[in-house]
Amino acid sequence: MSVRIVSIALVMFLALIPSSLVLALESDSETITITMTTKTVIEIELNPPNWETGIMGPEEEKNTQKDHFTITNNGNCEVNTYIKGEDAVWVDDPDAYKWELSSDGSNGTQKYVLWYEKADESSYTLIKKDENGFGDLFTPNLGPGGDNAKKFGLKLEVPPADYTKDGVGYFHEGGEMKTTITISGVVA
Numbered sequence: 001m002s003v004r005i006v007s008i009a010l011v012m013f014l015a016l017i018p019s020s021l022v023l024a025l026e027s028d029s030e031t032i033t034i035t036m037t038t039k040t041v042i043e044i045e046l047n048p049p050n051w052e053t054g055i056m057g058p059e060e061e062k063n064t065q066k067d068h069f070t071i072t073n074n075g076n077c078e079v080n081t082y083i084k085g086e087d088a089v090w091v092d093d094p095d096a097y098k099w100e101l102s103s104d105g106s107n108g109t110q111k112y113v114l115w116y117e118k119a120d121e122s123s124y125t126l127i128k129k130d131e132n133g134f135g136d137l138f139t140p141n142l143g144p145g146g147d148n149a150k151k152f153g154l155k156l157e158v159p160p161a162d163y164t165k166d167g168v169g170y171f172h173e174g175g176e177m178k179t180t181i182t183i184s185g186v187v188a
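In the working numbering, the protein residues as written are 1 to 188.
Source of the hints: derived by calculation from the structure; they are not laboratory data.
Hints are supplied without guarantee of correctness; some may be wrong.
To be verified - Here are the simulated DSS-like pairs of lysine-lysine, each with C-alpha atoms no more than 30 Å apart in a straight line: (1) K62 - K111; (2) K155 - K111; (3) K62 - K150; (4) K129 - K66; (5) K118 - K155; (6) K129 - K118; (7) K111 - K39; (8) K165 - K151; (9) K62 - K128; (10) K178 - K165; (11) K98 - K66.
Produce the entire structure from the sequences given, and follow the hints as far as they go.
So this is what it looks like as C-alpha cells:
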C-alpha cells in the first residue's frame, strides 16, 4: 500500500510541474499605454509681433518685404485665420487725436490705409475694421507646425497733413501714433 501512495503522490507531483510552468508564463505580462489628446488647442504665433515704421510724413507710404512677418500654428489642429485692423490713436492721449482706418483703400484727412501681401501672392489686400466679428479670412486651413508657417508683409499709407505752414504739412498733435492688427484663429 505504501508503494501505491508514493506512486500516486509522484504522479500528482509530475502532473503539477507542467501546470506550474504554464501558470508562470500566463502571469507574465507587458502593457502598452496609449495617451490621447481630446482637447483642441488653438495657438497662433506672429513673428515679429511689432512693426516700428520710424518717422513718417503726410501721405507717406511704407511697406515691409512680403516675407517680413511669419504666422505659425503652434496648436494641434488646422485653423482658419482672420485679420482686422483698428483706428490709429495718438499714444500720449488716445481720446484726443486719431486716424480712422480706411474701408475703401483711400486715405483722407485723419484717415489712413493698411494692406497685407502674402509671400505667395503678387498683390496687396486691404485690411479693414470689423468691430463685431473676426475680420476677413486671412489664411484658411493653416496646419500645425513650422513646416506650415506662412509669410506676409504689410503696407501703410498715412493721411494727408491736417494743416500746412510755410508750405510744410503737419499733423495737429504730431508725436507717436499706434494701431493694432488682430489676427485670430478658429478651428478649420
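Each hint tested on the structure:
1. K62 - K111: Holds, at about 16 Å.
2. K155 - K111: Distance ~15 Å between K155 and K111 Cα, so the pair holds.
3. K62 - K150: holds, 21 Å
4. K129 - K66: holds, 22 Å
5. K118 - K155: Holds, because 11 Å separates the two Cα atoms, which is no more than 30 Å.
6. K129 - K118: holds, 19 Å
7. K111 - K39: Violated, at about 43 Å.
8. K165 - K151: violated, 42 Å
9. K62 - K128: Holds: K62 and K128 sit about 18 Å apart, inside 30 Å.
10. K178 - K165: Distance ~25 Å between K178 and K165 Cα, so the pair holds.
11. K98 - K66: Holds: K98 and K66 sit about 27 Å apart, inside 30 Å.
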